[in-house]
Amino acid sequence: MSESREALGPSTVAGEIPIGLSTASVYPQNTEAAFAYAADLGFDGVELMVWGDPVSQDIRHVEHLSERYQVPVLSIHAPCLLITQRVWGRDPLKKLARAAHAAEALGAATVVVHPPFRWQRAYVEGFDDLVGELSESDVSIAVENMFPMRADRVFGAGERSARRLTRRGGTPGPAVSAFGKSIDPTDDGYDHYTLDLSHTATAGTDAVALYERMGAHLTHLHLADGSGAATDEHLIPGDGTQPCAQVCHRIARSDFSGAVILEVTTSSARTKPERQAMLARSLDFARQHLKRETSRTRWLPER
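FYI, in my numbering the residues of the sequence shown are 56 to 358.
These are computed hints drawn from the structure, not numbers from a lab. Warning: the hint list may mix true and false statements.
The following label-pair restraints were derived from C-beta to C-beta distances [unchecked claim]:
(1) SER323 / VAL110: 22 to 28 Å
(2) ARG123 / ASP310: 30 to 36 Å
(3) ASP246 / LEU148: 16 to 22 Å
(4) GLY97 / SER312: 19 to 25 Å
(5) GLY187 / ASP339: 26 to 32 Å
(6) ASP242 / LYS327: 19 to 25 Å
(7) LYS327 / ALA177: 19 to 25 Å
(8) LYS149 / ARG115: 27 to 33 Å
(9) LYS346 / PRO109: 33 to 39 Å
From the three backbone atoms N, C-alpha and C, an ideal C-beta is built for every residue, glycine too.
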């Protein structure tokens, strides 16, 4: 039996992947600045980081910014960081539910959430049920992979710690997790996942293997890079050691229907033009490696 090839038209290929900008990527500038950068550079939308900036906590104000700059909110990052423990109250279960309601109000498809901290006992116990319940709506609750607190931070958390990770064969060494769930959300199993490529670097996790474990449940990508340092770096993609291009290529060839968010650190920029250049370089990387072919070819047996 011989084989022939059949071209698959554009109707069989998912559309172009939306590329958004995390509002955290412009820190120390504010939420409105992120909307302005996104509009100027041509991002497809933003991910709203709900944190200390009062505007980020005011959904009506965010809606106004979205309309003013004509930049949609693609996703919301729930206030689940150590520095956001009191944002929107102190009950993490209620905060996650509020983030889901905010996403619905803004037309965002996804809420990104970290696993609960181990000292949040009630949250740890109720997390899985709440995530499942909220995911029954039109909003996906996408649980993000995290990283442990590495002991080698005390000996220097920058390039030296990255070299130590390399000498250990890519493993983080002695470490302790601050989370009450696994830092690998596929261990617990959820309907939706966020893959963060800076977190994989710090954790010493094989990013491609984690991508494969997430499979069709991968809903959201935080595109950034890392060198393997003991701290979460969020480098511009291509500036670290993570397989950013490879993961993007796999996503582009798949039926992935979520969004890719550039969550990069630009705090080293001394001027707005410097920050804009860093964001533009990040966007160029994403566009280059996430571009989908307009047709695909598959092998079919000849009859």
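(request) May I ask which of the numbered hints given earlier this structure violates, with the numbers listed in increasing order? (result) Numbers 5, 6, 7, 8, in rising order.
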